[in-house]
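2 protein chains.
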Amino acid sequence: MTREFNFKEGDGFSFERFISADDVKKFAEVVGDSNPIHLDESFAENSFFKKRIVHGAFLGGLISKALGMDFPGEGTVYISQNSSFKRPVFVDSNVKVEVKVTQVNAEKRRLVLDTTILNADGKVCLAGSAEVWLPD
Amino acid sequence: MTREFNFKEGDGFSFERFISADDVKKFAEVVGDSNPIHLDESFAENSFFKKRIVHGAFLGGLISKALGMDFPGEGTVYISQNSSFKRPVFVDSNVKVEVKVTQVNAEKRRLVLDTTILNADGKVCLAGSAEVWLPD
Numbered sequence: 679m680t681r682e683f684n685f686k687e688g689d690g691f692s693f694e695r696f697i698s699a700d701d702v703k704k705f706a707e708v709v710g711d712s713n714p715i716h717l718d719e720s721f722a723e724n725s726f727f728k729k730r731i732v733h734g735a736f737l738g739g740l741i742s743k744a745l746g747m748d749f750p751g752e753g754t755v756y757i758s759q760n761s762s763f764k765r766p767v768f769v770d771s772n773v774k775v776e777v778k779v780t781q782v783n784a785e786k787r788r789l790v791l792d793t794t795i796l797n798a799d800g801k802v803c804l805a806g807s808a809e810v811w812l813p814d
Numbered sequence: 679m680t681r682e683f684n685f686k687e688g689d690g691f692s693f694e695r696f697i698s699a700d701d702v703k704k705f706a707e708v709v710g711d712s713n714p715i716h717l718d719e720s721f722a723e724n725s726f727f728k729k730r731i732v733h734g735a736f737l738g739g740l741i742s743k744a745l746g747m748d749f750p751g752e753g754t755v756y757i758s759q760n761s762s763f764k765r766p767v768f769v770d771s772n773v774k775v776e777v778k779v780t781q782v783n784a785e786k787r788r789l790v791l792d793t794t795i796l797n798a799d800g801k802v803c804l805a806g807s808a809e810v811w812l813p814d
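For the record, the sequence lines run as chains H and X. Just so we're aligned, residue 679 is where the first sequence starts under the numbering used here, counting upward by one. Just so we're aligned, residue 679 is where the second sequence starts under the numbering used here, counting upward by one.
So that you can see chain H by itself, here it is in the shape it has in the complex (with noise of 0.2 Å):
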């Protein structure tokens, strides 16, 4: 049975999420990237941004869930990523995850998608795109 590929510009999804300091210490210890500027309060304190941010790469990963999880889902296949971190999103915060379609391949089944994190005041984190591939 072929999967249906029926997707138009503008669709997309988008979720909020809290990010804890134990969610930032857990990211840390999986991946190995235990930099002080994540997980250090004094350290950061002394740093050019004044309190702990949470890792670039653990933004990476919330958009990842979107695509594989939500839009469009169970059987996505990444393909390529951008993305530019424009502000950092501080430990112990809200974020907002945006996907939103901007081309459509149907003959190759293919998105591209614009990829998009606010912070709690709606200004932009990071800022980016997605290729994502929709096997049959």
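Rather than coming from a laboratory, the hints here were simulated on the basis of the structure. All residues carry an ideal CB built from backbone N, CA and C; glycine is no exception. Wrong hints could be hidden among the right ones.
Unchecked claim - Covered stretches of chain X (chain H as the covering partner; in silico rule of three or more C-beta atoms under 8 Å from a C-beta of chain H):
1) 693-706
2) 739-751
3) 757-767
4) 777-790
5) 796-802
Knowing the structure of chain H, use the given hints to seat chain X on it.
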């Protein structure tokens, strides 16, 4: 005190990492991406890749670890990351992570680096580039 900025093209760092099924499970839990292609062996058997694969965003975390902890190391600010996922990395396998300087902007204290992840056969799984900034 101004931190030294003495980098040149070709400078870099690499490390190897085994990614276990338990690592992938923990990553899925913390970012909330429990796509069955990463977690469910029988689902994966019936999928395009036939075996469970590591989240692309997990690989992004390994690049972040190299940049933030090893080279350029502590204090590095992530500006952008572009990643193409060329081949899957299978769960319970080894990868090699490489970062290597391709452009140096001493005035702005910025570097562009090639970022590459290879599987145990030496095949490129992730090809990409990062831009980073090193505050004074």
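The hints, checked one at a time:
Here's how the segment 693-706 of chain X fares: 4 of its residues keep a CB closer than 8 Å to some CB of chain H, so the rule of at least three is met and the hint holds. Remark: the segment 739-751 of chain X is confirmed as covered by chain H, as 7 of its residues place a Cβ nearer than 8 Å to a Cβ of that chain, reaching the required three. Only when three residues or more bring their CB closer than 8 Å to a CB of chain H does the claim for the segment 757-767 of chain X stand; here the count is 7, and the claim holds. For a cut-off of 8 Å, the count of residues in the segment 777-790 of chain X with a CB near a CB of chain H stands at 0, and the three-residue condition is violated.
Only when three residues or more bring their CB closer than 8 Å to a CB of chain H does the claim for the segment 796-802 of chain X stand; here the count is 0, and the claim is violated.
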